[in-house]
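So the working numbering is basically just the index in the sequence shown, starting at one, shifted up by 149.
Just so you know, not all the hints are guaranteed correct.
Stated by the list, open to error - Straight-line alpha carbon distances no greater than 35 Å define the calculated DSBU-like cross-link-like pairs of lysine-lysine that follow:
hint, residue 1, residue 2
1, K279, K583
2, K738, K279
3, K707, K426
4, K160, K252
5, K429, K279
6, K426, K583
7, K160, K279
8, K429, K252
9, K279, K764
10, K583, K402
11, K252, K279
12, K252, K738
Unchecked claim - Computed spacing ranges between beta-carbons, pair by pair:
hint, residue 1, residue 2, range
13, I657, A388, 28 to 34 Å
14, A428, E295, 24 to 30 Å
15, D698, A388, 54 to 60 Å
16, S700, L490, 54 to 60 Å
Bear in mind the hints are in silico, worked out from the structure with no lab data behind them.
Glycine is no exception: its CB is placed at the ideal position from the N, C-alpha and C atoms.
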Amino acid sequence: MSKPLPEITPKAIVLGILLSVILAGANAYLGLFAGMTVSASIPAAVISMGVLRAFRNSNILENNIVQTAASAGESLAAGVIFTIPALVLMGVWVDFDYFEVAKIAAIGGIIGVLFTVPLRRALIVEAKLKYPEGVATAAILEAGEESRSSGTKDESGGLMAIGIAGAVGSIMKLCQQGFGMWHAALEGAVVVRSSIFGLGTDLSPALISVGYIVGRNIGILVITGGLISWFIAIPIYSAIYGFEGDPMDAAWKIWNYQIRYLGVGAMVIGGIWSLIKLAKPLYDGVHASLLTLKNSNKGAEAPLSEQDFPINYVGMALAVLLIPVFLLYFNIVHHTGIAILLAVVMMVFGFLFSAVAAYMAGMVGSSNNPISGVTIATILFSSLLLLLLLGENSNVGAPAAIMIGAVVCCAAAIGGDNLQDLKTGHIVGATPWKQQVMQIVGTLSAALVLGLVLDILHTAYTIGSPTLSAPQATLMKSVADGVFNGNLPWTMVGFGAIIGIIIILIDIRQENMGSDFRVPILAVAVGIYLPIELTVPIFIGGMISHLSDQSGATDMMKKRGLLMASGLITGEALMGILVAVPIFITANKDWWPQFGGLQFLGIIFFVGTLTWLYKSVTKRIESQ
Numbered sequence: 150m151s152k153p154l155p156e157i158t159p160k161a162i163v164l165g166i167l168l169s170v171i172l173a174g175a176n177a178y179l180g181l182f183a184g185m186t187v188s189a190s191i192p193a194a195v196i197s198m199g200v201l202r203a204f205r206n207s208n209i210l211e212n213n214i215v216q217t218a219a220s221a222g223e224s225l226a227a228g229v230i231f232t233i234p235a236l237v238l239m240g241v242w243v244d245f246d247y248f249e250v251a252k253i254a255a256i257g258g259i260i261g262v263l264f265t266v267p268l269r270r271a272l273i274v275e276a277k278l279k280y281p282e283g284v285a286t287a288a289i290l291e292a293g294e295e296s297r298s299s300g301t302k303d304e305s306g307g308l309m310a311i312g313i314a315g316a317v318g319s320i321m322k323l324c325q326q327g328f329g330m331w332h333a334a335l336e337g338a339v340v341v342r343s344s345i346f347g348l349g350t351d352l353s354p355a356l357i358s359v360g361y362i363v364g365r366n367i368g369i370l371v372i373t374g375g376l377i378s379w380f381i382a383i384p385i386y387s388a389i390y391g392f393e394g395d396p397m398d399a400a401w402k403i404w405n406y407q408i409r410y411l412g413v414g415a416m417v418i419g420g421i422w423s424l425i426k427l428a429k430p431l432y433d434g435v436h437a438s439l440l441t442l443k444n445s446n447k448g449a450e451a452p453l454s455e456q457d458f459p460i461n462y463v464g465m466a467l468a469v470l471l472i473p474v475f476l477l478y479f480n481i482v483h484h485t486g487i488a489i490l491l492a493v494v495m496m497v498f499g500f501l502f503s504a505v506a507a508y509m510a511g512m513v514g515s516s517n518n519p520i521s522g523v524t525i526a527t528i529l530f531s532s533l534l535l536l537l538l539l540g541e542n543s544n545v546g547a548p549a550a551i552m553i554g555a556v557v558c559c560a561a562a563i564g565g566d567n568l569q570d571l572k573t574g575h576i577v578g579a580t581p582w583k584q585q586v587m588q589i590v591g592t593l594s595a596a597l598v599l600g601l602v603l604d605i606l607h608t609a610y611t612i613g614s615p616t617l618s619a620p621q622a623t624l625m626k627s628v629a630d631g632v633f634n635g636n637l638p639w640t641m642v643g644f645g646a647i648i649g650i651i652i653i654l655i656d657i658r659q660e661n662m663g664s665d666f667r668v669p670i671l672a673v674a675v676g677i678y679l680p681i682e683l684t685v686p687i688f689i690g691g692m693i694s695h696l697s698d699q700s701g702a703t704d705m706m707k708k709r710g711l712l713m714a715s716g717l718i719t720g721e722a723l724m725g726i727l728v729a730v731p732i733f734i735t736a737n738k739d740w741w742p743q744f745g746g747l748q749f750l751g752i753i754f755f756v757g758t759l760t761w762l763y764k765s766v767t768k769r770i771e772s773q
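Generate the whole structure from the sequences, applying the supplied hints.
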């Protein structure tokens, strides 16, 4: 019997922690800017392979451990930035409390890891869900191992593709954000009779790359949501109620105070529908885990590739975590009974929505996960519960609801990513419990830096401003405040719910027809509440991905495009943080010298990047 390959090694731990921290920071910026995040498993795997090749005894399971830790950090960033900035936006915090952010992120992330342990066997082994990003990561790890052993060159470009694209993304961000050479977006509006029609696009290569990664179908659905807001809802609203001043400014005002709440209604319906669909798989998952525990207690030894973190230890860990969760809520509401109730509510929602995220990641991938929808549903339910318990005059109800949503969101974000990583491990023969340990390591590493990243970005750009609009956090704040202030536009929420039901019915029809073009409600809902200037480049990126497929692109070319897109995102995001650092240190927002009036240069850079990506993924590599 051959000796098992080493998995958790010192070099894998160090590299996993470093990548977790870097990618968490990059994804935090991307989410605050774009309102969407993407999975980092594949670029993390490529970087890991490139670095570990310098060591003679590296192996595929070490690479898998590194990407497991790195992607956990990236996923946690989504959970944090979708919710916690709401506490600053509503004035509960003046700036970001480092220790509170770290505590919320760590608790939520670890809970997410623990909640998904019982689901691995049911969703990966029994149900055999696709987990597309997990499968793709495994293919890249296996190809990298074959390339290393044979000494052949990676024709996709590997680290070089990520590095060059990262340099392009960072230079564009430095010129735009640092030196102010051009405005971030092009936008305009026209008035037809008394209706406003607005359109625009952000000049960001990262948004193009997000669209490329999520693909054509999601790109179309996101822009459809944007068109529902900007070409249907805003024109109707402006025609009925009128407007004053500049048409584009008026359109933004209507969208901000009314129309985006259509997205809230649609997301709540999407979250509820996800729970209904997943009731049976959830039950099956828990049942299968309990059977595994029963068999292990009888002395049946599972192979290494089927050894999870023991379910009884999972239960004990969750019981222990109830204490800091209780203290978290007690420090807000200062009432023992209510704090206990909130802790229970959080645990229930945390499990349900971690499971939903895990299942949906298996169906459509981590980048398309319904985290926003389930978090909105959590905050709305929690707000209504707290309104009943505390009354409408309470000044702690809304912050408490956000705190519940924050822990649940972190758990759900981690839940979806974990199952992708475990799918990769299942394919390459990794030990599940070792991956689960490294998921916790990556989570804790990211939790320790995200508070600092948020503080740096807030000092430099002001989270909630046009530069970093934080769409999800702004919505979470509006929903929680709206319930207690009584100014939530329930009519718009109701219309959004109706839109959500219609879209669900369309998706059911598509499923019954066997169509590969599905209509997940949450993708449309995201488009409804995102600014139109963000949805347009996401759609363009999705169409580039489609055109690549239509041109007969090879798997190697597709991998190259994915690495380029990841590099553009990471480069732009990290430069956005680096530009903010001297402003944070000096407290001088004018630290960078300005060279305005070069809008044409921004357009040239943007179109050039589009063309470069398009040509790279639609022509034969052999011809270069």
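Hints, verified against the model:
1. K279 <-> K583: holds, 22 Å
2. K738 <-> K279: With Cα atoms ~47 Å apart, K738 and K279 exceed 35 Å; violated.
3. K707 <-> K426: This hinted pair holds, its Cα atoms lying about 32 Å apart.
4. K160 <-> K252: Between K160 and K252 the Cα gap is close to 27 Å, so the pair holds against 35 Å.
5. K429 <-> K279: holds, 18 Å
6. K426 <-> K583: OK: K426 and K583 at ~31 Å, within 35 Å.
7. K160 <-> K279: holds, 31 Å
8. K429 <-> K252: holds, 33 Å
9. K279 <-> K764: Distance of about 29 Å is within 35 Å: holds.
10. K583 <-> K402: violated, 50 Å
11. K252 <-> K279: Given that 35 Å is the threshold and the Cα spacing comes to 33 Å, the pair holds.
12. K252 <-> K738: Satisfied, since the Cα-Cα distance of roughly 29 Å is no more than 35 Å.
13. I657 <-> A388: 28 to 34 Å: holds, 33 Å
14. A428 <-> E295: 24 to 30 Å: For E295 against A428, whose Cβ atoms are near 42 Å apart, the range 24 to 30 Å is violated.
15. D698 <-> A388: 54 to 60 Å: violated, 40 Å
16. S700 <-> L490: 54 to 60 Å: The hint (54 to 60 Å, Cβ to Cβ) holds, given that S700 and L490 are roughly 57 Å apart.
In the structure shown, a violation is registered for the earlier hints numbered 2, 10, 14, 15, in ascending order.
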